[in-house]
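Colleague: Sequence:
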Amino acid sequence: MSNPPDDALLTELATYQNRKLLLWQLAADGRTICGIQFVARERDLQGAPVDEQVQAFVDDMLSDGEVRPEYDAMADWGALEANHGDTADQYL
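Under our numbering, the first residue of the sequence shown is numbered 1, with each subsequent residue one higher.
Please keep in mind that the hints were generated in silico from the structure rather than gathered at the bench.
On a predicted model such as this, the values are computed, not experimentally measured, just so you know.
Cβ atoms here follow ideal geometry from the backbone N, Cα and C, with glycine treated the same way.
Warning: the hint list may mix true and false statements.
Okay, the calculated beta carbon distance ranges per label pair [as the list claims (entries may be wrong)]:
(1) Ala82 <-> Arg31: 16 to 26 Å
(2) Gly47 <-> Asp76: 27 to 37 Å
(3) Thr15 <-> Gly47: 18 to 28 Å
(4) Ala82 <-> Asp44: 12 to 22 Å
(5) Thr87 <-> Arg31: 33 to 43 Å
Produce the entire structure from the sequences given, and follow the hints as far as they go.
Modeller: Put into structure tokens, the structure is as follows:
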């Protein structure tokens, strides 16, 4: 199950009901914003089930249920919302 389709990743990520995580993943380009696939590669989870890959991403992004400050400071949430908000709505 390497390289699961984006829809499967987004659908699983939506179960966490965290809009910022969805916006981050939708904006992931592998360079400035790294998403689920990057975390899965870094942790050697490419062959793991989708839920495990998404959980690793969530664990990396969140601290006490909130986006880690270092990631929060990197993101222009307004721009992410403007560019990806409609798509995030479809999953939430």
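Colleague: Now tell me, hint by hint, if it's right for this structure.
Modeller: Hints versus structure:
1. Ala82 <-> Arg31: 16 to 26 Å: holds, 20 Å
2. Gly47 <-> Asp76: 27 to 37 Å: holds, 34 Å
3. Thr15 <-> Gly47: 18 to 28 Å: holds, 21 Å
4. Ala82 <-> Asp44: 12 to 22 Å: violated, 35 Å
5. Thr87 <-> Arg31: 33 to 43 Å: Roughly 20 Å apart at Cβ, these two residues miss the hinted range, so it is violated.
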